[in-house]
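Colleague: In case you want the letters, here they are:
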Amino acid sequence: MSYELFNNKTRAFVYGMQPRACQGMLDFDFICKREVPSVAGVIYPFGGQFVTKMYWGTKETLLPVYQEVAKAAAKHPDVDVVVNFASSRSVYSSTMELLEYPQFKTIAIIAEGVPERRAREILHKAQKKGVTIIGPATVGGIKPGCFKIGNTGGMMDNIVSSKLYRPGSVAYVSKSGGMSNELNNIIAQTTDGVYEGVAIGGDRYPGTTFIDHILRYQADPKCKIIVLLGEVGGVEEYRVIDAIKKGIITKPIVAWAIGTCASMFKTEVQFGHAGSMANSDMETAIAKNAAMKAAGIFVPETFEDLPELLNKVYKDLVNQGTITPAAEPDVPKIPIDYSWAQELGLIRKPASFISTISDDRGQELVYAGIPISEVFKEDIGVGGVMSLLWFRRRLPSYATKFLEMVLMLTADHGPAVSGAMNTIITTRAGKDLISSLVAGLLTIGTRFGGALDGAATEFTSAFDKGWSPRQFVDTMRKQNKLIPGIGHKVKSRNNPDFRVELVKDFVHKNFPTTALLDYALAVEEVTTSKKDNLILNVDGAIAVSFVDLMRSCGAFSADEVEDYLKNGVLNGLFVLGRSIGLIAHHLDQKRLRTGLYRHPWDDITYLVGEETVSKSQGRTRVEVDAQSETAARVKAGN
Amino acid sequence: MSAKSIREADGKALLSYFLPKSPVFSENEPKTLFQQGSTPKLAQLNFESGSNAAAIEEVLSRAEKEYPWLLTPGAKFVAKPDQLIKRRGKSGLLALNKTWAEAKEWVAQRAGKPQQVEHVVGALTNFLVEPFVPHEQQHEYYINIHSVREGDWILFYHEGGVDVGDVDAKASKFLMPIDIENEYPTNQQIASALFQHVPADQRDVLVDFVNRLYAVYVDLQFTYLEINPLVVIPTKDGAEVHYLDLAGKLDQTAEFECGPKWAIARAPVNLGRQVLVQQTTVDNGPPMEFPAPFGRELTSEEAYIAELDSKTGASLKLTVLNAEGRIWTLVAGGGASVVYADAIASAGYADELANYGEYSGAPNEVQTYEYAKTVLDLMTRGSPVADGKVLFIGGGIANFTQVGSTFKGIIRAFRDYKTALHAHKVRIYVRRGGPNWQEGLRLIKNAGEELDLPMEIYGPDMHVSGIVPLALKGKRPEGVKPFGGDSHSLI
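Chains C and E are the protein sequences, given in the same order. 1 is the number of the first residue of the first sequence in this note's numbering; add one for each residue after it. 1 is the number of the first residue of the second sequence in this note's numbering; add one for each residue after it.
This is chain C alone, in the form it adopts within the complex (with noise of 0.2 Å):
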């Protein structure tokens, strides 16, 4: 029929990635009952993705993603009707294009801002093809038990409220998407409900207009009454009148255009949608009313009259017998999405994952309670927002700055260390910069670095025990452990390291207390008359001087202090700084252009062929490597 733009068995594409429309879609068409989901795929041109999943009822199912227009039309020659939510620049092409497949009959435009311009040359294209354009600017339409355009109608409690899921005698075509699901919410109240409704969109040129759906309801010998909400602006409601007073459309009308109140202002104002301005006396809606009115239109006092009018419209043809309303069938139940649910508040589940450190999710960024702007005026520095992140607490700004002096003086300790050594040796291979700083990372350790996490244990438990200085080295000999922290290659008592004596100098300034610093102190006092290089050296200084603040900040109990220290804190500040240097010399490396490097022979000692047969004398299997491995070198030789 050439009237019906949609029954129970139309097919659709949605262009564009849009799964909550979708599943709208599907929604509808299960508690409608429909046999076939009313959406045979999308029309995805980005991205290469080939189904969706959605639900059919409680199921899973998986819908086709198409790239491309041809594709998804000679797959699916039985969909004529497209819901385009291209945006309102792409909109435009990609209308054009599907205009260019006779299959398709009905394209729906949701975009709001598409150019005038535009919006014309889609439309007069369309109406030479004979296709019918809902929107630009619109949220669709609706035809109960049988088809939803996208977002129409709202939620599925909506729909169910509104009695969307069974057809009525009602027709009604609205401009504004909004207002067209308080008509739904209004026809079921008043009536036996809605037959279809189409909101034909808020722009000033709107692809089909008040007539061409008028004409269609009058067509339809299922549609009684129809609804017009008009506004001001244009005068396509006037096409209405003109088709009534040729006899043309001859059943009841109720309507009305909203913006009476432009009249009444002083200035002009601009309201919501682009196509609501008069341009002339006639545009107005006091005139629009009127003329409608005139022309035998039922058209209430007030917008608010217009449910009790309709109302009596729809008794009155009910006691002439013109309706007959229908027996009410079962209210359809529709499984709610768990999303929903649970932004509703009507369920709740364990998170798998907890975070009490920092939130995204609301208007500023959040470190540890304090917004990021916070952190910017207050002027916290890096040690700071450290503090706030490892220890999710503000920290005096003695120990944030101790926190810096400690990035700042493990940030580099030359190329030569295992650290440097490897990120080096990683960058002249070619990697990339997150591979050459891992690299060098990977090497940190009990022996690399963790001199910071030793030292703070085996000071801060000698200590605790009350151990004298002398009594700890002289354990430590018997146990032949070498002391973490204590002892340099060059440095010595008389030639000290600058940057230990930075931290000491900065700790008894500024520290409420300096216990395990003064013991750590007496500990080199020992080790010194032994042998003049063993002295605190700048692991052993940063780590006693660390625990001495945690314990003596006030910020801390002694079973946090024990914890964050337990869970490798040192490791991390060591980490921290020494990332500096490491990226560092990745891009000194970069920026040298240096090649590959390959170790020279010799300067590694080969010992591979003798000690591995001298050991495993008797092993067959061995020996046969090693004599081949011989045999090689022979020839290399050779």
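Worth flagging that the hints you see were computed from the coordinates, not collected in a lab. This structure is a prediction, so every number in the text was calculated from the model and none was measured. Be aware that one or more of the hints could be misleading.
Below are the DSS-like pairs computed for lysine-lysine, each with C-alpha atoms no more than 30 Å apart in a straight line [as the list claims (entries may be wrong)]:
#, chain 1, residue 1, chain 2, residue 2
1, C, LYS377, E, LYS373
2, C, LYS53, C, LYS105
3, C, LYS312, E, LYS475
4, E, LYS373, C, LYS266
5, C, LYS266, E, LYS98
6, C, LYS125, E, LYS173
7, C, LYS266, E, LYS473
Here the structure of chain C is known, so what remains is to put chain E in place on it, guided by the hints.
Modeller: Relative to chain C, chain E alone:
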């Protein structure tokens, strides 16, 4: 976002730059018969409202540096305000045939001062000074292009000027089709439809000009363009064309297609303008300006909401109709907001309605908060009035806007303005439906109780704007219960 008026100077700059450049659809090889000056001379003078003599003098002396041609000895100029004012001549806002010294004085007398034009009062802040074109009355024409659903009407009348009269009735008309690529008219069709009353020797020039003017109209997505008078002065190999006065509207939604074109035509280099302060812009030229109608300059609040609107996919609109008004609205939806304004007006409170506005298209909590805060701030200014004020928080049954999250934004604004709302004795009426409406209404009900704000709340069983007659006329619909049952009536 819709068709918006532009300044005369900007319209002239667009024409001047694009008349020779926009692609012409005419079947015939376009011959350029008409001539226009290579670089347009358009001196735009901007003043602050209420400027003092020194500030005015500074603008004028800066103009002499920016537009050196103003100082050409013996040159004569036209000066006029450029603020979308119609019929300036009749309001004495047109200074013709003046030397720069005279024009300067004329502008200085008016700059920054309030001016009554018909029944609107506004400050004169934007002036245009351009060379005076001496010509004979017989060379003046009227031309207008405007868009309708079926195409673009071209109206032409062989007499132009301020006294042109009712052009709708007497002008020659021609409808340009939508599909100009396939259905563009022949030059003969254009000439016979529009130029019957024009001397035969000028028809070719005019056809050529109309072809090009229409090309610019299409290329730059004008929706309205009127030139009156259009002056065509015959020369020995064609004619000189001058557009002495011009009014135009551009389709703001086409900014993404035409923005670069709108910008480049107005770049200082294409206007022969000396650059005193270098500015970085998105396109090669300043972004197009869409000034508010004369006397309706945006308040800072309106401008703020307009800026929010332009930055989000959601729609946020605010127009202050009467800042002293007692009735304020916070309504969701382009249609519902009009319904509310209608209901308030038809209840007899049009004069008390303080604002028109709407939020829609699923704004998030923060956007709604910013919007609500602006409205609450406006409505709680000044000293409280005896009868108190009314705030309608309305809306239809939303299709996809989250009622819960938008109401959270409004509630946050309530908290900020709690004391002010009490001081101004604001009564609040709420009606809303749509996704999560129960939660939204519950939240606002709790907030109303917590903040001790007098409030009546309804869901979808109340008519969309039913709270308006309820609040203003005490008209309570039968069988409709306030949300949450026991809430007490405010009237």
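Colleague: Determine for every hint whether it applies to the structure shown.
Modeller: Cross-check of the supplied hints:
{"no.": "1", "hint": "LYS377/C with LYS373/E", "result": "holds, 24 Å"}
{"no.": "2", "hint": "LYS53/C with LYS105/C", "result": "holds, 27 Å"}
{"no.": "3", "hint": "LYS312/C with LYS475/E", "result": "holds, 20 Å"}
{"no.": "4", "hint": "LYS373/E with LYS266/C", "result": "holds, 26 Å"}
{"no.": "5", "hint": "LYS266/C with LYS98/E", "result": "violated, 36 Å"}
{"no.": "6", "hint": "LYS125/C with LYS173/E", "result": "holds, 24 Å"}
{"no.": "7", "hint": "LYS266/C with LYS473/E", "result": "holds, 24 Å"}
Checked against the numbered hints above, the structure breaks only hint 5 and satisfies the rest.
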